[in-house]
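**Student:** Top line first, the protein sequences correspond to chains U and C. Under UniProt numbering, think of the first position of the first sequence as 1, with each following residue one higher. Under UniProt numbering, think of the first position of the second sequence as 1, with each following residue one higher.
It should be emphasised that the hints constitute simulated quantities derived from the structure, not laboratory data. Hints should not be assumed to be uniformly reliable.
All copies of an identical chain are treated as equivalent in the list; a pair is satisfied when it fits inside any one copy or across any two copies.
Think about it this way: if two alpha-carbon atoms lie no more than 25 angstroms apart in a straight line, the pair counts; the simulated SDA-like pairs of lysine to any residue are [as the list claims (entries may be wrong)]:
#  : residue 1 : residue 2
1  : Lys193    : Ala116
2  : Lys193    : Ala401
3  : Lys175    : Leu153
4  : Lys252    : Asn147
5  : Lys114    : Arg162
6  : Lys114    : Ala152
7  : Lys214    : Ile136
8  : Lys17     : Gly352
9  : Lys199    : Lys272
10 : Lys133    : Arg382
11 : Lys276    : Gln132
12 : Lys107    : Asp316
Below, each chain spelled out in residue letters.
Protein chains: 2
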Amino acid sequence: MSGILSTLANCLPSREKPYCGGPSVRIGVLGGGQLGRMMIQDAIDLDARVEVMDPSADAPCAHLTQRFVQGNLLDAKAVEAFGTGLDCITIEIEGVSVPGLEALERKGVRVVPKPAHIALIQDKGLQKQFFQKHNIATAPFALQMANGDRSALGYPVVQKLRRGGYDGKGVAVLKDASSSHFEGKDAHCVLEKKIDIEKELSVVVCRRSAYDTKCYEPTECVFDPRGNVVQLIVSPASITPEQKATCNALAKQVVDAMDYIGILAVEMFLEKGTGKIMVNELAPRAHNSGHHTIEQCATSQFGQLLRVVLDLPLGDVSPTRAKAAAMVNILGSPSVAKGSKPLYRGLREALGKPGVYPHLYGKSTVSPFRKMGHITMVGDDRDEVVELAKEVLASVACEAAP
Amino acid sequence: MSGILSTLANCLPSREKPYCGGPSVRIGVLGGGQLGRMMIQDAIDLDARVEVMDPSADAPCAHLTQRFVQGNLLDAKAVEAFGTGLDCITIEIEGVSVPGLEALERKGVRVVPKPAHIALIQDKGLQKQFFQKHNIATAPFALQMANGDRSALGYPVVQKLRRGGYDGKGVAVLKDASSSHFEGKDAHCVLEKKIDIEKELSVVVCRRSAYDTKCYEPTECVFDPRGNVVQLIVSPASITPEQKATCNALAKQVVDAMDYIGILAVEMFLEKGTGKIMVNELAPRAHNSGHHTIEQCATSQFGQLLRVVLDLPLGDVSPTRAKAAAMVNILGSPSVAKGSKPLYRGLREALGKPGVYPHLYGKSTVSPFRKMGHITMVGDDRDEVVELAKEVLASVACEAAP
Numbered sequence: 001m002s003g004i005l006s007t008l009a010n011c012l013p014s015r016e017k018p019y020c021g022g023p024s025v026r027i028g029v030l031g032g033g034q035l036g037r038m039m040i041q042d043a044i045d046l047d048a049r050v051e052v053m054d055p056s057a058d059a060p061c062a063h064l065t066q067r068f069v070q071g072n073l074l075d076a077k078a079v080e081a082f083g084t085g086l087d088c089i090t091i092e093i094e095g096v097s098v099p100g101l102e103a104l105e106r107k108g109v110r111v112v113p114k115p116a117h118i119a120l121i122q123d124k125g126l127q128k129q130f131f132q133k134h135n136i137a138t139a140p141f142a143l144q145m146a147n148g149d150r151s152a153l154g155y156p157v158v159q160k161l162r163r164g165g166y167d168g169k170g171v172a173v174l175k176d177a178s179s180s181h182f183e184g185k186d187a188h189c190v191l192e193k194k195i196d197i198e199k200e201l202s203v204v205v206c207r208r209s210a211y212d213t214k215c216y217e218p219t220e221c222v223f224d225p226r227g228n229v230v231q232l233i234v235s236p237a238s239i240t241p242e243q244k245a246t247c248n249a250l251a252k253q254v255v256d257a258m259d260y261i262g263i264l265a266v267e268m269f270l271e272k273g274t275g276k277i278m279v280n281e282l283a284p285r286a287h288n289s290g291h292h293t294i295e296q297c298a299t300s301q302f303g304q305l306l307r308v309v310l311d312l313p314l315g316d317v318s319p320t321r322a323k324a325a326a327m328v329n330i331l332g333s334p335s336v337a338k339g340s341k342p343l344y345r346g347l348r349e350a351l352g353k354p355g356v357y358p359h360l361y362g363k364s365t366v367s368p369f370r371k372m373g374h375i376t377m378v379g380d381d382r383d384e385v386v387e388l389a390k391e392v393l394a395s396v397a398c399e400a401a402p
Numbered sequence: 001m002s003g004i005l006s007t008l009a010n011c012l013p014s015r016e017k018p019y020c021g022g023p024s025v026r027i028g029v030l031g032g033g034q035l036g037r038m039m040i041q042d043a044i045d046l047d048a049r050v051e052v053m054d055p056s057a058d059a060p061c062a063h064l065t066q067r068f069v070q071g072n073l074l075d076a077k078a079v080e081a082f083g084t085g086l087d088c089i090t091i092e093i094e095g096v097s098v099p100g101l102e103a104l105e106r107k108g109v110r111v112v113p114k115p116a117h118i119a120l121i122q123d124k125g126l127q128k129q130f131f132q133k134h135n136i137a138t139a140p141f142a143l144q145m146a147n148g149d150r151s152a153l154g155y156p157v158v159q160k161l162r163r164g165g166y167d168g169k170g171v172a173v174l175k176d177a178s179s180s181h182f183e184g185k186d187a188h189c190v191l192e193k194k195i196d197i198e199k200e201l202s203v204v205v206c207r208r209s210a211y212d213t214k215c216y217e218p219t220e221c222v223f224d225p226r227g228n229v230v231q232l233i234v235s236p237a238s239i240t241p242e243q244k245a246t247c248n249a250l251a252k253q254v255v256d257a258m259d260y261i262g263i264l265a266v267e268m269f270l271e272k273g274t275g276k277i278m279v280n281e282l283a284p285r286a287h288n289s290g291h292h293t294i295e296q297c298a299t300s301q302f303g304q305l306l307r308v309v310l311d312l313p314l315g316d317v318s319p320t321r322a323k324a325a326a327m328v329n330i331l332g333s334p335s336v337a338k339g340s341k342p343l344y345r346g347l348r349e350a351l352g353k354p355g356v357y358p359h360l361y362g363k364s365t366v367s368p369f370r371k372m373g374h375i376t377m378v379g380d381d382r383d384e385v386v387e388l389a390k391e392v393l394a395s396v397a398c399e400a401a402p
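Input sequences plus hints: build the corresponding full structure.
**Tutor:** What follows is the structure in structure tokens.
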């Protein structure tokens, strides 16, 4: 029996495992950014003690926990030292030491998600091979060693670094053989057929066991071409009921094939012309495309992850709180000097509008395109909500305080 | 200009006062219990830095803040020392040093609510005189010095200590001259005509200025006779639209007469037979009868209080998230030994039911009838929600861990 289960079970012998909370349940989180911060907001309600490790001393979670450890998340020894004695540990970023987590698992710490799944997702090449092996629809691809011939799939082709990319970084579209591309010793990559994308969709799925798996409704992502970062997420996606069912079936297929435990964001493409839906990539954690669940759904993605971590029944994923939601990121303005003190322009006015919910991440400095927060808009009418989101997006900015 | 306003205005000269958040906005809270804790959950979203003072080293807020000060809330010097340098300060308990807050006000700290209003509410005698002076409907009463003649209003009569009572403590119903009553040097009290109560109602009202005041819909309170503590709060109250309007008008009359700034719970009686609605008493803070606003309303009472404190526009109070809500407290079981480690029985099962939202307060020990948390139930049908609340109330218990 893992640490946490035995802790819970030891409280009192009973069929229903009474819940103790407080110092009896110690959850560790690798990463102390906004995702950990929003999880802490929900953990407070369950009196679960969340302890945090992050490389930055003033990470957004640093002051919201009884134990904050500054450390390198990719250092196996540091991760093992942080997690020893915890009941369970989870992540809010995929760039963490898998050997460190494996060592903790051997010590009886419940690790969510499983270290092998984090390793799989850390490598876009392994992800693609996994999709292929399990007949999960995905764009045609070829794996490529550093400095290899990039013409395998013809042009245009998308070159993705196998490791370390995020938010559009580590992705290049090559129009022809002369296009600038990643190279050098770290440039092991996936070459992927360039899909003619009609929509980018995402399904956040939570799986506690084969018998307790829940998919949120698919959302639709709109990217900002400036920073190649998601700028507008809309729920529900404007797709047919059949397409929704396909998205959720695909997400379910992925987690079942992996025997995944935890929360997973499954990003998908809807192909123009063919109408084919295929998996783009996975994120083994709470995700930007699930932030709207806080205001729209009966259970938020953060509450859901906590339930998996604590082995509590998953919550209702229905959009009971609002028929439609849209989410915009608050990014650092392109012109701010890196490391400036942030100033949120337009927030006061946004707060005066019904159905507008800002979430600032508590970052002490702003840089161009840095994610400083997000704002969720909810309402009964999808078009009105999208309109409101665009208005808010145009009027709220994170600039540098003078 | 008060500290916070100048801080905000100094960030950048502009009509709209851009919001800085983070260390630029330092809010102090006197009291580190569940109300402060739930306010911190909302403050995280506004990146407002909340600092806390509480007499107990392991208060529910102790580990959720950058600065926690252990101290006596009734000690003027301690309160002044805690609050010096803050932009604003608020309370989550009315038993605080008013002279300490007045000293802070003189130093330019924005104090919400005003010290004079806290002083008024700390004394039930002054409260009653205030109602009388401003023609605010309330039960007939007489003030009484310690050991005075209690027969002024005949019998039965309710004796309430003027100071220090809470959750039914400091209140006695005297059937006749021989009934046991409060006496001795601290027994200055209010004698109040015993109202034949049809319903106990409550309106939480938030007032940022004369031009920005919002009342939540009246709720209905059901008391548990064992501990004389509210056990079930239902929103909306089952009263007529005219009665609702009377309740809200009464709450508005109270805050306008006081020129109150902050959040105020106005507890009321609906008298049997006459149908008359009268004010019972006031609480100058977030209140048990407003907890359901977290899950039912567009803006929670905690978010609302923060908006007043930060001088941001008040949020929408409509029940946009659910048509009906009911709230039950999780109290320490009558049989637990005082100071036991808590164990929450039935919570796991409750979490498996849609529409059930537990909030544990993170108290490290349980005692009989101690408020350990609350659970809110929401849904479309009021009767079904009340039924679910009763089910949950019967099945969830806070006992002692073995």
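**Student:** If you test the structure against every hint from before, which numbers come out violated?
**Tutor:** Per hint list: 1, 2, 4, 6, 10, 12 violated.
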